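S.K.: Listed below are the residues making up each chain.
Protein chains: 8
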Amino acid sequence: MNKTALLELLAAVERGDLTPAAASDRLASLPFEDIGHSRIDHHRALRTGLPEVIYAAGKSPAQTAEIFTRMASAGHDVLATRADEPTALAVLASVPEATYHPQARAITLRQSMHPEPRGHVAVVCAGTSDLPVAEEAAVTAELFNTRVTRLYDVGVAGIHRLLAVREQLASADAVIVCAGMEGALPSVVGGLVGVPVIAVPTSVGYGASFNGAAALLGMLNSCSPNVTVVNIDNGFGAAYTATLIGRVAHGG
Amino acid sequence: MNKTALLELLAAVERGDLTPAAASDRLASLPFEDIGHSRIDHHRALRTGLPEVIYAAGKSPAQTAEIFTRMASAGHDVLATRADEPTALAVLASVPEATYHPQARAITLRQSMHPEPRGHVAVVCAGTSDLPVAEEAAVTAELFNTRVTRLYDVGVAGIHRLLAVREQLASADAVIVCAGMEGALPSVVGGLVGVPVIAVPTSVGYGASFNGAAALLGMLNSCSPNVTVVNIDNGFGAAYTATLIGRVAHGG
Amino acid sequence: MNKTALLELLAAVERGDLTPAAASDRLASLPFEDIGHSRIDHHRALRTGLPEVIYAAGKSPAQTAEIFTRMASAGHDVLATRADEPTALAVLASVPEATYHPQARAITLRQSMHPEPRGHVAVVCAGTSDLPVAEEAAVTAELFNTRVTRLYDVGVAGIHRLLAVREQLASADAVIVCAGMEGALPSVVGGLVGVPVIAVPTSVGYGASFNGAAALLGMLNSCSPNVTVVNIDNGFGAAYTATLIGRVAHGG
Amino acid sequence: MNKTALLELLAAVERGDLTPAAASDRLASLPFEDIGHSRIDHHRALRTGLPEVIYAAGKSPAQTAEIFTRMASAGHDVLATRADEPTALAVLASVPEATYHPQARAITLRQSMHPEPRGHVAVVCAGTSDLPVAEEAAVTAELFNTRVTRLYDVGVAGIHRLLAVREQLASADAVIVCAGMEGALPSVVGGLVGVPVIAVPTSVGYGASFNGAAALLGMLNSCSPNVTVVNIDNGFGAAYTATLIGRVAHGG
Amino acid sequence: MNKTALLELLAAVERGDLTPAAASDRLASLPFEDIGHSRIDHHRALRTGLPEVIYAAGKSPAQTAEIFTRMASAGHDVLATRADEPTALAVLASVPEATYHPQARAITLRQSMHPEPRGHVAVVCAGTSDLPVAEEAAVTAELFNTRVTRLYDVGVAGIHRLLAVREQLASADAVIVCAGMEGALPSVVGGLVGVPVIAVPTSVGYGASFNGAAALLGMLNSCSPNVTVVNIDNGFGAAYTATLIGRVAHGG
Amino acid sequence: MNKTALLELLAAVERGDLTPAAASDRLASLPFEDIGHSRIDHHRALRTGLPEVIYAAGKSPAQTAEIFTRMASAGHDVLATRADEPTALAVLASVPEATYHPQARAITLRQSMHPEPRGHVAVVCAGTSDLPVAEEAAVTAELFNTRVTRLYDVGVAGIHRLLAVREQLASADAVIVCAGMEGALPSVVGGLVGVPVIAVPTSVGYGASFNGAAALLGMLNSCSPNVTVVNIDNGFGAAYTATLIGRVAHGG
Amino acid sequence: MNKTALLELLAAVERGDLTPAAASDRLASLPFEDIGHSRIDHHRALRTGLPEVIYAAGKSPAQTAEIFTRMASAGHDVLATRADEPTALAVLASVPEATYHPQARAITLRQSMHPEPRGHVAVVCAGTSDLPVAEEAAVTAELFNTRVTRLYDVGVAGIHRLLAVREQLASADAVIVCAGMEGALPSVVGGLVGVPVIAVPTSVGYGASFNGAAALLGMLNSCSPNVTVVNIDNGFGAAYTATLIGRVAHGG
Amino acid sequence: MNKTALLELLAAVERGDLTPAAASDRLASLPFEDIGHSRIDHHRALRTGLPEVIYAAGKSPAQTAEIFTRMASAGHDVLATRADEPTALAVLASVPEATYHPQARAITLRQSMHPEPRGHVAVVCAGTSDLPVAEEAAVTAELFNTRVTRLYDVGVAGIHRLLAVREQLASADAVIVCAGMEGALPSVVGGLVGVPVIAVPTSVGYGASFNGAAALLGMLNSCSPNVTVVNIDNGFGAAYTATLIGRVAHGG
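Chains A, B, C, D, E, F, G and H are the protein sequences, given in the same order.
One point on numbering: in the numbering used here, the residue at position 14 of the first sequence is 14, and numbering is uninterrupted.
One point on numbering: in the numbering used here, the residue at position 74 of the second sequence is 74, and numbering is uninterrupted.
One point on numbering: in the numbering used here, the residue at position 162 of the third sequence is 162, and numbering is uninterrupted.
One point on numbering: in the numbering used here, the residue at position 18 of the fourth sequence is 18, and numbering is uninterrupted.
One point on numbering: in the numbering used here, the residue at position 31 of the fifth sequence is 31, and numbering is uninterrupted.
One point on numbering: in the numbering used here, the residue at position 188 of the sixth sequence is 188, and numbering is uninterrupted.
One point on numbering: in the numbering used here, the residue at position 4 of the seventh sequence is 4, and numbering is uninterrupted.
One point on numbering: in the numbering used here, the residue at position 83 of the eighth sequence is 83, and numbering is uninterrupted.
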């Protein structure tokens with residue numbers, strides 16, 4: 001509820017079109033929908049510019065399918081992340097026009113019309129094992145109508161592979177870098193480009209990688225000042241912010 | 001060295017203006033300057049768009065002053081962060097036109113001409129104790145020619161203080177949020193705005209705050225997807241990325 | 001054994017109704033019952049006001065069923081927490097009048113007469129994934145004869161959802177807040193109400209949530225001074241304390 | 001701003017006594033006071049029942065003194081915690097009627113009239129070294145008009161010392177237990193009483209106490225279900241919640 | 001090889017009964033047996049007084065059975081710990097006179113003649129869930145010819161249960177205390193007895209118990225000075241040391 | 001209060017020599033002395049066999065001196081550990097016959113008559129830097145009337161130094177091993193002797209020693225089953241348990 | 001691309017044999033092969049002296065088989081580590097001449113001609129449970145044409161087993177030591193030999209071994225200065241470095 | 001004592017030149033010197049090839065000076081690391097021909113004749129703040145008669161600085177890489193060279209660097225297989241191993 005709407009409501013009270021009691025109720029209630037176990041936030045799109053997203057990992061296939069269907073019915077573009085096979089089957093049974101991306105473990109539904117992408121994001125990953133996280137980022141950004149350049153398997157132990165794609169990196173509005181193990185790649189990429197780098201530590205590794213904690217710490221301590229960090233394996237969050245940057249770069 | 005420069009160099013070889021050996025040397029040497037204990041990276045400005053910055057905490061006052069002076073002589077805008085009083089005195093003795101910001105613990109020197117700011121960043125902090133970090137961010141962004149709106153002491157335990165500045169938040173290209181203790185503020189701010197939020201955990205707190213680790217973990221686990229995170233107390237890094245976003249929003 | 005009972009016992013010795021040896025034995029033995037692998041503490045109800053509860057996670061279905069049956073035979077209200085399906089089957093086979101709450105993973109048996117609830121507790125949770133913990137709290141409080149108001153899916157990233165239930169929060173004697181990820185909700189709730197807030201970190205999250213440790217740390221560092229914390233996923237413990245507060249508020 | 005106030009405001013609009021624009025401004029602004037580096041929250045007393053408290057550790061003596069003076073001028077009871085000697089001197093210079101409690105490291109100012117205490121809290125500590133934390137709790141509760149029974153140096157290695165004060169424990173509305181090292185005391189106390197126990201881990205110990213983390217973990221894992229926990233050394237927070245419980249027990 | 005044996009060997013050289021080369025070989029080779037993947041240490045019994053024990057967790061059933069059989073053939077008493085069902089089947093197939101203790105997850109073989117136990121150990125545990133660890137300790141001590149008094153389910157939240165067995169505790173040469181969760185029991189027991197207490201943290205608990213780390217830290221920080229600690233769930237190690245103490249108490 | 005004393009007391013009631021009320025008071029009060037900030041436990045000597053000890057680190061010199069003096073007046077042997085220079089001066093001013101051991105940071109007072117030592121303990125340390133901890137152990141054991149053999153600077157990187165003192169190790173009733181860094185020494189010593197080994201991790205080291213945590217973890221994971229562990233730098237606790245073992249070995 | 005090749009390329013430009021544009025392309029492209037999900041680094045052999053190795057744990061059997069086959073086709077020796085049974089089947093189906101080593105969980109293919117081994121490495125392990133890691137090291141070194149001496153089950157709790165193989169240790173160019181639990185073995189070995197010791201912590205252990213972290217910390221804090229450390233269970237990495245040392249020792 | 005010496009000793013017994021008792025003594029005593037608080041290991045040079053080194057951090061200036069003087073008198077080359085100014089003064093007062101290296105915090109004494117260096121080590125560091133650690137490594141290697149090439153301030157955020165020194169890296173027998181913050185440099189260097197890389201994490205950084213733990217974890221998880229790691233700030237240990245590699249490369 002923005003200031004304009006508030007002034008209109010108050011003017012209606014002034015005109016006598018609305019009683020104070022009714023206005024009080026309206027001021028208290030905001031546009032979300034209660035379906036018992038979840039309160040779907042339909043006006044998030046208005047508030048933050050992008051639709052709410054379903055994190056499927058903590059939900060049953062039936063719960064995810066129900067929320068997905070509700071959101072689809074509201075006409076939104078919908079994204080479910082961390083969706084395993086059974087969840088995908090449950091969603092597709094209800095919303096057959098949705099798409100499952102198995103490597104990214106994501107389900108997408110595009111309902112809006114997007115004449116052409118706004119913003120350009122490069123998604124970089126260090127090794128083959130980082131692909132699921134990188135793909136989660138790429139699929140998310142594409143659903144949000146952002147152009148994606150994928151640059152995979154360019155880890156720092158063979159630095160020439162990264163230098164070979166330097167020009168492609170330089171053309172993006174923002175760069176997402178997914179890496180596990182020592183998490184060194186974002187620092188090197190950060191030194192090569194003049195745009196924000198969003199680092200995604202992945203849980204790839206063993207032993208002292210502590211399920212991605214080593215990569216996370218490495219990225220937080222990056223000596224490249226244009227690096228910010230999201231949670232381990234959070235390809236979705238990185239794409240969300242990268243999309244916002246890309247939009248700003250192309251007219252907000 | 002971009003592609004154009006490379007083609008010119010190779011054309012000079014083709015024309016016989018340059019011997020292969022001389023070209024080989026040129027290709028190997030890139031423009032940094034070796035002053036013994038540091039290699040100053042003068043062409044970082046070309047490569048990433050903003051000057052290199054001196055992290056003074058690990059250096060003696062004399063080392064910082066020497067690097068600062070070198071960079072100043074090269075005509076750059078210069079920033080030294082984590083500079084204590086003795087370091088400030090050493091720098092100002094050599095470069096009297098520099099400015100010391102004691103709360104931000106930063107020394108700045110502006111030499112470039114900036115007709116008007118490009119980009120607008122809001123710097124938010126949770127409590128009075130977070131001010132040093134917030135000011136480091138604000139001073140950094142201002143030196144980088146970004147407009148800054150300061151919104152301080154709006155922690156989540158009195159949520160009305162934050163809601164009262166909601167419109168000011170909404171007008172920024174990016175929001176920097178500094179908070180210690182539980183680090184909850186970025187999530188709430190993230191839900192209120194549609195632009196990137198850069199979260200800076202601060203070392204404010206005691207006991208189980210573990211010098212900022214609790215706030216850091218909280219921010220990494222934010223349920224607002226437009227939140228990315230930098231290192232504890234790293235106001236500078238947050239401002240660096242926020243500046244890049246602001247530039248992209250105003251013509252790159 | 002309180003002071004009155006002790007004086008009566010000693011008076012019996014004085015009167016010669018009881019030999020010193022018999023009195024010594026009585027003083028040494030306290031009312032618990034030894035069934036080999038467990039010592040059931042029947043007089044805990046006298047001592048602390050609420051019956052002992054079975055934590056089923058570390059026990060076999062048969063062990064849980066045996067203890068449950070013993071307690072039921074003693075006429076107590078009985079609660080078993082962290083009870084999976086097989087445990088529920090084993091208990092219900094012995095005590096058919098017990099009830100299994102699958103989402104809360106709890107088995108309850110009410111045998112006492114309770115004319116009307118004493119105390120009122122609000123149970124709040126941040127997201128759909130926190131429901132099992134919130135329901136464990138709610139079911140526990142209800143068995144202990146406390147009125148429960150459930151306010152679910154009101155996480156801080158959409159702060160308007162929480163503000164919309166502000167009046168419901170304000171009417172409770174104590175508020176239980178369950179949240180995973182960054183664990184920010186208790187701080188915001190704590191700032192809205194004037195009663196104790198019991199924060200329950202949940203293991204909901206991934207990566208740097210470290211199975212609820214991030215939420216736990218966040219809650220321990222809450223800037224709202226009316227927040228106390230229990231162990232990760234410990235909905236039962238939160239309800240136990242909230243019940244005690246509610247009883248105090250309604251005549252002890 | 002409660003519902004009554006809102007209805008009055010809206011009625012004023014209906015009557016034409018207030019323009020919609022003025023009402024809109026009033027709705028947006030809530031009663032806090034901006035003094036540059038801090039936003040003092042005067043209506044917290046209305047909202048949560050107890051005055052805001054100054055955490056002096058992260059502030060300069062001058063900042064603390066300024067905030068303290070402002071709050072004193074507003075007629076509130078005022079409490080500053082973690083106040084060292086220089087801070088106390090600065091505050092007392094401005095507000096001579098304030099009192100400094102050196103062991104508790106607290107500064108208090110009582111301005112309200114309290115005919116007699118409401119609520120009774122027992123403050124227990126394990127050893128002599130825990131006294132500063134226990135005293136912070138006791139001084140806080142007393143300023144908040146709660147009766148305090150101090151039971152110090154009753155650690156579990158000499159369990160008879162604790163059993164000797166059992167009756168005193170049993171008469172309180174809530175018990176605060178401060179303990180460092182292994183933090184075992186709250187569990188034992190919790191088994192002895194039928195009221196909420198608020199456990200305060202202290203940083204007392206060495207080596208594997210990890211500055212109180214061992215005690216904190218012990219308390220979070222308490223096998224007594226009436227134990228909730230606050231941050232390490234947070235005597236103030238424990239007293240705040242204990243006071244709220246005591247008030248509820250004596251008419252809210 | 002003790003000094004006597006060395007002198008004998010050297011005397012044989014002096015007498016010419018042994019060549020220097022043969023003596024050199026004898027000095028280099030010590031009595032262990034190489035079976036490829038393991039070097040069985042037959043003379044450990046001579047060196048440390050008790051036979052080597054097989055830790056079965058890291059070995060295949062076949063490997064455990066092979067080592068067990070070898071040791072049995074050498075006439076030793078044999079103990080295998082952390083032995084699951086398949087391992088027990090494999091061992092019993094080869095050594096039918098061995099005994100499997102399922103709760104203790106141990107396989108024992110007694111071949112020595114022990115006229116009567118030497119030493120007396122009390123094994124205490126806090127709750128029913130700690131039984132496997134307590135039983136591992138009890139079975140181990142019994143195989144090593146030590147008398148064992150089991151005192152189970154006497155956790156600190158019902159301190160009267162522990163006080164009721166105080167005399168039984170006082171009669172032992174050493175006390176083993178197994179506890180999970182907050183690990184408080186050894187401190188209380190340590191204050192009640194005048195003999196060494198060996199604390200065994202168990203992995204019983206959830207959330208912030210971190211698989212026994214909370215109990216471990218609590219025990220290491222015990223305020224009772226007669227408490228020493230072994231690894232999480234290490235009932236065997238506790239029994240080993242307790243047995244050594246018991247032997248010392250009864251003639252070494 | 002043991003059973004005999006209880007029977008006597010009850011018999012006095014039976015005879016009419018004691019009223020029930022007086023008996024009740026006697027039963028409730030146990031022999032400790034309340035001096036305000038501490039409750040001195042005079043009957044600990046009766047209960048556990050050794051006097052209570054003052055941990056001076058968390059106390060002011062004046063507090064330590066007061067407790068020390070009280071204990072001295074009661075005729076006990078007294079030990080204060082972690083006592084710095086100012087504490088020693090304060091104690092010696094009140095109790096001039098006490099002795100300060102600067103390397104061990106301990107103050108001792110022997111008042112009892114001990115015809116000859118009971119028990120023999122070897123104190124081993126890995127390097128010169130471990131001496132303060134080893135000396136705390138040695139001084140403690142000696143005050144407790146135990147014979148001590150010091151074997152210092154025999155770390156595992158020069159294993160021959162340890163093998164050279166093997167016979168001395170073998171003659172002790174218990175061995176205390178102090179080591180920092182990797183904490184490997186107790187495992188090697190444990191394999192050489194047939195008596196209990198009490199491992200004391202020291203905070204000696206840097207970087208990944210994490211102030212002794214690495215040594216602590218190493219010792220807890222010892223592959224020698226006769227090793228138990230105390231807290232980092234806790235030489236006193238090791239000596240306390242070693243003394244108890246030595247007493248058991250020499251007639252209790 | 002080394003300097004010689006660069007000079008040749010530039011000379012070709014000078015001669016007119018190559019256009020600047022073509023040379024620019026050649027300079028940018030380095031010899032790796034893009035197969036979609038991986039960029040195989042064929043010239044790593046040239047750059048670092050040993051072929052790239054496939055870490056199979058994070059890859060599907062099909063992915064591993066595809067990469068293995070590609071590398072085999074290029075004529076390289078190939079090694080896949082952490083390969084389970086299904087992966088081995090997939091690889092052997094494509095490359096039947098490869099060998100699966102089940103204990104080492106490795107697949108090897110030797111295609112090069114090696115007249116005789118260069119370098120000699122001793123692989124030592126503490127216990128039977130460390131065998132998989134030790135074998136991964138041994139198989140790797142052998143594929144890289146290094147002579148391997150296996151010395152297994154020589155843990156520090158029976159130090160004579162290690163001393164018995166001292167001469168075998170002394171003859172190697174480098175020693176790899178694999179140990180779990182307390183990780184003490186490398187320190188002892190390091191004191192016995194005058195060559196580099198590469199310590200491999202293994203995840204063998206339980207409880208406070210924290211999956212190998214205790215052994216890792218112990219090794220990093222080794223008091224033997226010739227010890228360096230690799231990641232937990234990283235037998236491959238240890239063998240890689242040991243091989244490089246062995247080659248240096250035998251003519252580079 | 002090697003096999004030859006043993007055979008000689010036994011032959012002397014055979015010849016009757018040595019009694020068995022005297023031989024037994026000789027076999028038990030190994031050549032170290034006991035000076036009370038330290039056992040100096042003079043024959044380490046024989047056993048491991050390099051002299052023992054004094055770690056001064058845990059010792060008083062007087063202790064360090066005494067050990068240093070003893071070693072100097074024995075004719076050894078001597079190195080004391082982590083020596084502060086007062087320690088240096090104490091050592092130089094006794095051994096004036098020693099040299100203090102303030103940046104490296106090392107004291108060296110060369111007494112041996114070294115005609116020319118054996119082995120060549122490159123010492124690389126990421127930033128100016130890493131210099132003390134890098135210098136400790138360089139000074140150590142030089143004292144051990146190894147040629148050192150220093151390549152400082154070549155961090156990964158400006159990758160061209162590192163590529164510019166690639167040829168210098170390639171000529172070394174081993175490379176030591178010191179880096180704090182994210183610790184990414186060893187991985188990149190490891191990919192550029194075909195020799196062992198010894199990574200030294202430094203405590204340079206702040207916040208989530210956790211005093212070097214982040215860099216340490218990064219290096220342990222390096223994706224370059226020729227990287228091994230030493231403790232945080234352990235420049236000495238890295239140089240020790242690098243020296244051993246260099247010696248092997250130049251004739252052992």
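Calculated directly from the structure, the hints in this document are not laboratory data.
It is possible that part of the hints are untrue.
[Claimed, not checked] Stretches of chain A that chain C covers, calculated by requiring three or more beta carbons in the stretch to come under 8 Å of a beta carbon on chain C: (1) 53-66; (2) 143-154; (3) 201-213.
Keep in mind the model is a prediction, meaning the values are calculated, not measured.
The C-beta atom is built at its ideal place from N, Cα and C for all residues, glycine as well.
S.K.: Each hint should be assessed against the structure and marked as holding or not.
M.R.: A quick look at each hint next to the structure:
For the region 53-66 of chain A, the assignment as covered by chain C holds, since 5 residues bring a beta-carbon within under 8 Å of that chain's beta-carbons and 3 suffice. Residue count for the region 143-154 of chain A with a Cβ under 8 Å from a Cβ of chain C: 0. That is fewer than the three needed, and the coverage hint is violated. Residues of the region 201-213 of chain A lying with their CB closer than 8 Å to a CB of chain C number 5, which satisfies the three-residue condition for coverage.
In terms of the numbered hints stated before, the structure departs from hint 2 and from no other.
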